[in-house]
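Next come the chains, spelled out residue by residue.
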Amino acid sequence: DTGVSQNPRHKITKRGQNVTFRCDPISEHNRLYWYRQTLGQGPEFLTYFQNEAQLEKSRLLSDRFSAERPKGSFSTLEIQRTEQGDSAMYLCASSLERRGNTEAFFGQGTRLTVV
Amino acid sequence: QKEVEQDPGPLSVPEGAIVSLNCTYSNSAFQYFMWYRQYSRKGPELLMYTYSSGNKEDGRFTAQVDKSSKYISLFIRDSQPSDSATYLCAMSGVTTDSWGKLQFGAGTQVVVTP
Chain A
1 DTGVSQNPRH KITKRGQNVT FRCDPISEHN RLYWYRQTLG QGPEFLTYFQ
51 NEAQLEKSRL LSDRFSAERP KGSFSTLEIQ RTEQGDSAMY LCASSLERRG
101 NTEAFFGQGT RLTVV
Chain B
116 QKEVEQDPGP LSVPEGAIVS LNCTYSNSAF QYFMWYRQYS RKGPELLMYT
166 YSSGNKEDGR FTAQVDKSSK YISLFIRDSQ PSDSATYLCA MSGVTTDSWG
216 KLQFGAGTQV VVTP
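Here the protein sequences line up with chains A and B, keeping their order.
Per my numbering, the very first residue in the first sequence carries number 1; after that it's consecutive.
Per my numbering, the very first residue in the second sequence carries number 116; after that it's consecutive.
It is possible that part of the hints are untrue.
Claimed, not checked - Each computed BS3-like pair below joins lysine-lysine, with the alpha-carbon atoms no more than 30 angstroms apart:
| hint | chain 1 | residue 1 | chain 2 | residue 2 |
| --- | --- | --- | --- | --- |
| 1 | A | Lys-57 | B | Lys-117 |
| 2 | A | Lys-11 | B | Lys-157 |
| 3 | A | Lys-71 | A | Lys-57 |
| 4 | B | Lys-157 | B | Lys-171 |
| 5 | B | Lys-157 | B | Lys-185 |
| 6 | A | Lys-71 | B | Lys-157 |
| 7 | B | Lys-117 | B | Lys-171 |
| 8 | A | Lys-57 | B | Lys-182 |
| 9 | A | Lys-57 | A | Lys-11 |
| 10 | A | Lys-57 | B | Lys-185 |
| 11 | B | Lys-157 | A | Lys-14 |
| 12 | A | Lys-57 | B | Lys-157 |
As the list claims (entries may be wrong) - Partial selection, computed: residues in chain A whose CB lies under 7 angstroms from chain B:
| hint | residue |
| --- | --- |
| 13 | Gln-41 |
| 14 | Gly-42 |
| 15 | Gly-109 |
It should be emphasised that the hints constitute simulated quantities derived from the structure, not laboratory data.
It should be emphasised that the depicted structure is a prediction, and the values quoted were computed from it without experimental measurement.
Backbone N, C-alpha and C fix where the C-beta goes; we use that ideal spot for every residue, glycine too.
Only chain B is shown next, with the shape it has when bound in the complex (with noise of 0.2 angstroms):
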């Protein structure tokens, strides 16, 4: 069983939808939790950085922490046909050694359509 988990999709929805994204995880040591975007073909793009437990919003976007069920979510609002690509959730540790070494999701895709 990987360490997390992500459901691939793909994920459709209609402009202006709220999408709703989430992972699982099994390791109790992960502490920081990452959301990147990446287009085809591209690099992933850091979107979303949380540590521990909680929420934190940016602008059209909305990430939650619940480390009690280890589940985390990234929810967009107002999507844009520009939204659509593969979204990864990302985690690492808390000790030296795991900082910037990070355990990803297989990655959702995300497709908004006009």
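So that you can see chain A by itself, here it is in the shape it has in the complex (with noise of 0.2 angstroms):
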């Protein structure tokens, strides 16, 4: 599958306790973007990657998140003390950074249910 990758697909944790999240990209995709999907809802930007680099949080990036991505290959999001309320669908994508594309793609997703 040469597909965006994330894992787990589903994580139940209790609330404090804290998760990570892998993505693996498109193997040739530069850019690597973190989004927030909640039900009934479009997903949310919450940061995005250039090879290694972080270059912008969102907002909604409270402290008790961060993100990695270690030699501009796969990326890592993690979650410190989780509360109920970042119960939600966590989402990856990709993309080839030159001018003129925006096409991203998405991973299937990690569901995360807080409890």
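Need the complex rebuilt from these two chains, each delivered in its own frame; the hints are there to steer you.
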């Protein structure tokens, strides 16, 4: 499978626990994005990387959230001290940055449930 | 007010009918427009991608962009039950930092009945 891969697909955690998600982008893509989607809403932008550099973070990304992309390959999104409001689908997307190209391809997402 | 508005539906049509979907937006900086299809509990799948104003056709799908009215549309001809899904519009600007940083509508749920 040469698409965007996300693991795990589902995660159930107790409030206050830390969780980490992984995203493997399409191999030649240098941009990687994280989005969050709640029920009945479209995805909301969280943060993005160009290669290993994190270039922007949304206001939605509180201090409990941290994302990394070591060596510009896969990325991880960690949520510390999870809250029930963090329950959502976390989506990763990747694209090849070049002028005129904004085609972003999404993974299947990680569904987080905080109980 | 959200930058991108999309009627959540549900929109129910009989098999074979034309499905008509649309979004309005307020940010005139948007230049790239996309439609994604999302099945339940799956990630969004890119269907159509257009730049600036005009029409684009791909098989049963036609995307239209009217920048003067800040209005985009997606038409699905000869709809099939397998087209039942949520359709998301998305858009982005032309600056280097905005490419790929998409602003989505809430999605319209479409149900095609046999």
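To see whether the hints hold, each was checked on the structure:
1. Lys-57(A) to Lys-117(B): holds (19 angstroms)
2. Lys-11(A) to Lys-157(B): Judged against 30 angstroms, a Cα distance of about 15 angstroms means the pair holds.
3. Lys-71(A) to Lys-57(A): holds (19 angstroms)
4. Lys-157(B) to Lys-171(B): Cα-Cα ~26 angstroms, so holds.
5. Lys-157(B) to Lys-185(B): The given pair, whose Cα atoms are some 29 angstroms apart, holds under the 30 angstroms limit.
6. Lys-71(A) to Lys-157(B): Satisfied, since the Cα-Cα distance of roughly 28 angstroms is no more than 30 angstroms.
7. Lys-117(B) to Lys-171(B): holds (26 angstroms)
8. Lys-57(A) to Lys-182(B): holds (28 angstroms)
9. Lys-57(A) to Lys-11(A): Judged against 30 angstroms, a Cα distance of about 23 angstroms means the pair holds.
10. Lys-57(A) to Lys-185(B): holds (27 angstroms)
11. Lys-157(B) to Lys-14(A): Given that 30 angstroms is the threshold and the Cα spacing comes to 24 angstroms, the pair holds.
12. Lys-57(A) to Lys-157(B): holds (24 angstroms)
13. Gln-41: Interface hint status for Gln-41(A): holds (5 angstroms vs cutoff 7 angstroms).
14. Gly-42: At 3 angstroms from the nearest chain B Cβ, Gly-42(A) passes the 7 angstroms test, so the hint holds.
15. Gly-109: holds (5 angstroms)
When each numbered hint is compared with the structure, no violation occurs for any of them.
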